[in-house]
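If you read the protein sequences in the order shown, they are chains V and H.
When we follow this note's numbering, the leftmost residue of the first sequence carries the number 1281, and every step to the right adds one.
When we follow this note's numbering, the leftmost residue of the second sequence carries the number 1281, and every step to the right adds one.
Think of the hints as simulated: they come from the structure by calculation, not from any bench.
What you are looking at is a predicted structure, and each value in this text was computed from that prediction instead of being measured.
Keep in mind that a hint or two might mislead.
Which copy is meant is left open, because identical chains are indistinguishable; a pair holds if it fits in one copy or across any two.
[Unchecked claim] Here are the simulated lysine-lysine pairs, DSSO-like style, with alpha carbons at most 30 angstroms apart:
1) K1623 x K1394
2) K1623 x K1285
3) K1579 x K1618
4) K1285 x K1394
5) K1618 x K1527
6) K1579 x K1527
7) K1394 x K1527
8) K1623 x K1493
9) K1537 x K1394
10) K1623 x K1352
Number of protein chains: 2
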Amino acid sequence: MPTAKPSPMAVPLPPLPPIAGVRIGACAAGIRYVGRTDLVAAEFAPGTHVAGVFTSNKCPGAPVDWCRAALKGGRARALVVNAGNANVFTGRAGAQATRATADAAAALGGYPAKQVFLASTGVIGEVLAHDKITAALPALFGALSADGWADAAHGIMTTDTFAKGATRQALIGETTVTINGIAKGSGMIAPDMATMLCFVATDAKIPQPLLQKLLRRAIAGSFNRITVDSDTSTSDTVLLFATGAAKHRAVPADGGKLLTGFARALTELLHELALQVVRDGEGASKLIRIDVSGAVSGKSARRVAMSIANSPLVKTAIAGEDANWGRIAMAVGKAGEKADRDKLSISIGGVWMARDGAVVAGYDEAPVVAHMRGHEVNIAVDLGLGRGQASVWSCDLTHGYIDINGAYRS
Amino acid sequence: MPTAKPSPMAVPLPPLPPIAGVRIGACAAGIRYVGRTDLVAAEFAPGTHVAGVFTSNKCPGAPVDWCRAALKGGRARALVVNAGNANVFTGRAGAQATRATADAAAALGGYPAKQVFLASTGVIGEVLAHDKITAALPALFGALSADGWADAAHGIMTTDTFAKGATRQALIGETTVTINGIAKGSGMIAPDMATMLCFVATDAKIPQPLLQKLLRRAIAGSFNRITVDSDTSTSDTVLLFATGAAKHRAVPADGGKLLTGFARALTELLHELALQVVRDGEGASKLIRIDVSGAVSGKSARRVAMSIANSPLVKTAIAGEDANWGRIAMAVGKAGEKADRDKLSISIGGVWMARDGAVVAGYDEAPVVAHMRGHEVNIAVDLGLGRGQASVWSCDLTHGYIDINGAYRS
């Protein structure tokens, strides 16, 4: 809940500069929460390209259906996001709510409804009171500004305990472009394509198919490497808007070397946002980094790392500051990937506790104990089989997670 | 821990009658626990056939390696089980411990070491002090009796809060045979082949290859249908001993109709033991039954059911007595199996709350609330696609699980 104590791993929201071609802001529409903003909107300059990646969950929310259809046009003029109600599993009423919201925004701005993108998060299965949204939109659209990024980052929060944002600059040719991103997410986090909500905007001018490709690649190395609780949300949405307001050299259809710096900056930005989501994992007290090496392939390494990252027994051991590497061995073995117990090595905080399938006699436990007491725990596993490697991030499983999720709806 | 308050779903240990050809018992060997039994042994009549199914975890314990090799002979004369140390991930020392234990038992009984079966559960990664076991064996073997089943059920417990056992009778031809089983298990329960430890004995005389086939089939419908925390143990072992002491008609190699009743009784017995394991799930306060129908196949139904059964958000909602069917829809959607949101229906306690992809307007919440307050919660999901169905059992996720596993080793 927004009133909860901030996560011990919280990071401050960095200053988010204006992006040429973007006006953004938030207001309180009273959808679920009282005394806080819960409705966010943005308007984009004409000609803005959009790319999107959505949840792989087979029961997606109505706004995800809407965005998938709208994305086919490749253009965006507006974004409307509400917190408190996910508009998921709401049947025809859910589809009607998305249509009414997009129509209202389109009428205000004078552009096609199919250029309005939508996202909702919160409770599943309750009909969204879209009249509250459409009633609040005129004043909200009138107040949008280039400086509204921080307000937007706060307005999309649900069980988040801190607002999440990141910014980067990159050179395209000799021209500096800027990328801003905001995200929300804390529970129901096991993105298989994307995670919860993340909105990114840049003033770069990038052809739409290329923008989509860049986004997919950046997500594979960022949001698809984190987990909080292995539960894949029905609402996961990442949207990237490129206004094209920056006066850089024209980008060829295949991007070429011109976008190398931009692609790197985009991946870094999404990675920073993804880690903020894990830092705010529901009830989490530790950020866990898991590096797997020596796997038969990178894919295999990622699966083994995710098996460790999602193991309740590993996560509770870390919550208890117990360097229980036996449970890590268990999680490697249950992953279903190629593994040989007698070649397996495990370290925590850089100290190798197990080598080649057995405990390291007389390893120094003191630095491990000290490492476990901190808010960031590093686990490394070497399978001793090949050259495949992967890193993923998770958090511990504590009483806080049970508190939040044993009484979320009521 | 053995001193913990019994699970609210605990069931009393039924009287376990003698099995002709089996002598069994337990003693305190001081392996880890103080003031309780922790070493169990059984001796079987000459000619006893044995079948076994073991963990699919790629990092199995040394006793699992031992049993897999011993099983090739198909004959058993003894069983030795310790609680408190799993002898997993212990390298050469682990293999030496199994060899020394089997040798000691074999010397006492005058049979080959390869007819001694072994199992260990408890902490992973610590060398097993097998000298404590071998020192205790002579007195223990001297005290084995036909009436020692209840003592054995208690002696194999680790984090279990109650002893687990079941018994059945079946007719083979006109002869009554008896089957006894004991099991232990509470956490690290997501059997993919078997679960934790379960030992079954019967006086039936069944050819070994057929015995193995019967056991595999019975496990598919029992232990492979339960989960506590999605973590597959490194020690899962189910052994079935058939002493052949009953004077029934000879069983043909393919079993035929003669074993229909026996096979049913065996499956029922394993199912009863599997449910006892879930009832004792670490920290659990509710037993959850999940029935999935309308899937494209039985396999698909089982995967969807297991996705619900393992979802931390579903499990915490049930702990909080919140009929949050939206989370059930989420878990269906993330399973990766064929599903159509708009054909999905969900009921709790027999009340259909969602039909064809949307909430049932005005459903009666009172009986659902009353049902959620009980210790047994029934969830039914219909996918509306085909005829595949499956039932699985799980338990809720509570503060108790965090308490137990955040401080198990220390």
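Cross-check of the supplied hints:
no.: 1; hint: K1623 x K1394; result: between (55 angstroms within a copy, 27 angstroms between copies)
no.: 2; hint: K1623 x K1285; result: neither (43 angstroms within a copy, 40 angstroms between copies)
no.: 3; hint: K1579 x K1618; result: both (11 angstroms within a copy, 23 angstroms between copies)
no.: 4; hint: K1285 x K1394; result: neither (39 angstroms within a copy, 59 angstroms between copies)
no.: 5; hint: K1618 x K1527; result: neither (51 angstroms within a copy, 47 angstroms between copies)
no.: 6; hint: K1579 x K1527; result: neither (39 angstroms within a copy, 56 angstroms between copies)
no.: 7; hint: K1394 x K1527; result: within (27 angstroms within a copy, 79 angstroms between copies)
no.: 8; hint: K1623 x K1493; result: neither (38 angstroms within a copy, 33 angstroms between copies)
no.: 9; hint: K1537 x K1394; result: neither (33 angstroms within a copy, 66 angstroms between copies)
no.: 10; hint: K1623 x K1352; result: between (49 angstroms within a copy, 26 angstroms between copies)
Taken one by one, the earlier hints fail for this structure at numbers 2, 4, 5, 6, 8, 9, listed in ascending order.
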